[in-house]
Amino acid sequence: AQSVTQLDSQVPVFEEAPVELRCNYSSSVSVYLFWYVQYPNQGLQLLLKYLSGSTLVKGINGFEAEFNKSQTSFHLRKPSVHISDTAEYFCAVSDSLSGGSNYKLTFGKGTLLTVNP
Amino acid sequence: GAGVSQSPRYKVAKRGQDVALRCDPISGHVSLFWYQQALGQGPEFLTYFQNEAQLDKSGLPSDRFFAERPEGSVSTLKIQRTQQEDSAVYLCASSLLAGTGELFFGEGSRLTVL
Numbered sequence: 133a134q135s136v137t138q139l140d141s142q143v144p145v146f147e148e149a150p151v152e153l154r155c156n157y158s159s160s161v162s163v164y165l166f167w168y169v170q171y172p173n174q175g176l177q178l179l180l181k182y183l184s185g186s187t188l189v190k191g192i193n194g195f196e197a198e199f200n201k202s203q204t205s206f207h208l209r210k211p212s213v214h215i216s217d218t219a220e221y222f223c224a225v226s227d228s229l230s231g232g233s234n235y236k237l238t239f240g241k242g243t244l245l246t247v248n249p
Numbered sequence: 003g004a005g006v007s008q009s010p011r012y013k014v015a016k017r018g019q020d021v022a023l024r025c026d027p028i029s030g031h032v033s034l035f036w037y038q039q040a041l042g043q044g045p046e047f048l049t050y051f052q053n054e055a056q057l058d059k060s061g062l063p064s065d066r067f068f069a070e071r072p073e074g075s076v077s078t079l080k081i082q083r084t085q086q087e088d089s090a091v092y093l094c095a096s097s098l099l100a101g102t103g104e105l106f107f108g109e110g111s112r113l114t115v116l
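Chains as they are written, first to last, in my numbering: chain A, 133 to 249; chain B, 3 to 116.
Just so you know, the hints here were simulated from the structure itself, not pulled from any lab data. In this text, all values refer to a predicted model and were calculated from it rather than measured experimentally. Beta carbons: idealized from backbone N, C-alpha and C, even for Gly. Check before you lean on any hint, since a few could be wrong.
A few chain A positions that, by computed beta-carbon distances, are all more than 12 angstroms from chain B [to be verified]:
1. Val136
2. Gln138
3. Ser141
4. Val143
5. Val151
6. Glu152
7. Phe166
8. Gln170
9. Gly194
10. Glu196
11. Lys201
12. Glu220
13. Ser233
14. Asn234
15. Gly240
16. Gly242
Facing chain B, a subset of chain A residues (Cβ under 7 angstroms, in silico) [unchecked claim]:
17. Arg154
18. Tyr157
19. Tyr235
Beyond 12 angstroms from chain A on every Cβ pair, some chain B residues (computed) [unchecked claim]:
20. Pro45
21. Thr78
22. Glu87
23. Ser89
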């Protein structure tokens, strides 16, 4: 079984400032890692994912995340945020075992990013 | 349609009533998932279909919850004898393949049980 901890429930920042949303996970097996974003009144959409290979993953809208296996973290970063980045961000994990339950995502509780002018 | 469509978007039920929530996935998507999102929480897995086969229903909270996808396309999540603790947003997602986490979510059905 896996679990995900998003350390900050709310992160307020000013426009054009950098931001980091933190995510830590626990798992007894190798994992896949994901960040999903939910804009107001919309469904969740995939921002980026780590399956294998380079630990630095780039996603849509200028976001990136780095997989750190030793620290069991997958923090999301953006060097300069816009008002339109205001949304709820969810970190998620699944096991990476073929034939296992790798279809099942375990989500964190979410971090509400509010970008102020 | 272009995306995952869920209906109704909002449902208010009296305790004890039965409800049915519908999900119309993206055409051609083999995999379909239901998640439950309580207020202030992340989505929690309920069940998974591959075509019409329900391969995992381990997340369904009780035997009052039932899901089906009889023709491998549209799915219905049914909750019998609703309780207040069933109040949540029910999210449907579909994907072309399972196991890569590229889920396409609908906007959800918000259920309020009074």
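These are the hints, each one checked on the structure:
Against chain B, the non-interface label of Val136(A) is violated: not every CB pair exceeds 12 angstroms, the least being about 7 angstroms. For Gln138(A), the non-interface assignment is contradicted: its Cβ lies about 8 angstroms from the closest Cβ of chain B, within the 12 angstroms cut-off. Against the 12 angstroms criterion, Ser141(A) falls within the reach of chain B, whose nearest CB is about 8 angstroms from its own CB. The non-interface label for Val143(A) is consistent with chain B: the shortest C-beta to C-beta separation is roughly 16 angstroms, beyond 12 angstroms.
Every C-beta of chain B lies more than 12 angstroms from that of Val151(A), the closest at about 19 angstroms, which supports listing it as non-interface. Against the 12 angstroms criterion, Glu152(A) stays outside the reach of chain B, whose nearest CB is about 19 angstroms from its own CB. Listed as outside the interface, Phe166(A) is inconsistent with that label: its C-beta sits roughly 5 angstroms from the nearest C-beta of chain B, within the 12 angstroms cut-off. In this structure Gln170(A) is not separated from chain B by more than 12 angstroms, as the shortest Cβ-Cβ distance comes to only about 8 angstroms.
Listed as a non-interface residue, Gly194(A) keeps its Cβ farther than 12 angstroms from every Cβ of chain B; the least gap is roughly 20 angstroms. Distance check for Glu196(A) against chain B: the nearest CB is about 17 angstroms away, which clears 12 angstroms, and the non-interface claim stands. Non-interface status of Lys201(A) relative to chain B is upheld: no Cβ of that chain comes within 12 angstroms, the nearest being about 18 angstroms off. Listed as outside the interface, Glu220(A) is inconsistent with that label: its C-beta sits roughly 9 angstroms from the nearest C-beta of chain B, within the 12 angstroms cut-off.
Look at Ser233(A): its CB is around 7 angstroms from the nearest CB on chain B, not clear of 12 angstroms, so calling it non-interface is violated. Separation of Asn234(A) from chain B is inadequate, the least Cβ-Cβ distance of about 4 angstroms not exceeding the 12 angstroms criterion. Residue-level check failed: Gly240(A) sits 5 angstroms from the nearest beta carbon of chain B, not beyond 12 angstroms. Gly242(A), annotated as away from the interface, has a beta carbon of chain B within 12 angstroms; the closest lies near 5 angstroms.
The criterion of a C-beta within 7 angstroms of any C-beta in chain B is not met by Arg154(A), whose closest approach is roughly 15 angstroms, and the hint is violated. Taking 7 angstroms as the C-beta contact cut-off toward chain B, the hint placing Tyr157(A) at the interface is violated, the least distance being around 12 angstroms. A hinted interface residue such as Tyr235(A) counts as satisfied when its beta carbon comes closer than 7 angstroms to some beta carbon of chain B; here the least separation is about 4 angstroms, so the hint holds. With a closest Cβ-Cβ approach of about 5 angstroms to chain A, Pro45(B) is found to fall inside the 12 angstroms limit, against its non-interface label.
The claim that Thr78(B) lies off the interface holds: its Cβ sits roughly 18 angstroms from the closest Cβ of chain A, which is beyond the 12 angstroms cut-off. Look at Glu87(B): its CB is around 18 angstroms from the nearest CB on chain A, clear of 12 angstroms, so calling it non-interface holds up. Against the 12 angstroms criterion, Ser89(B) stays outside the reach of chain A, whose nearest CB is about 17 angstroms from its own CB.
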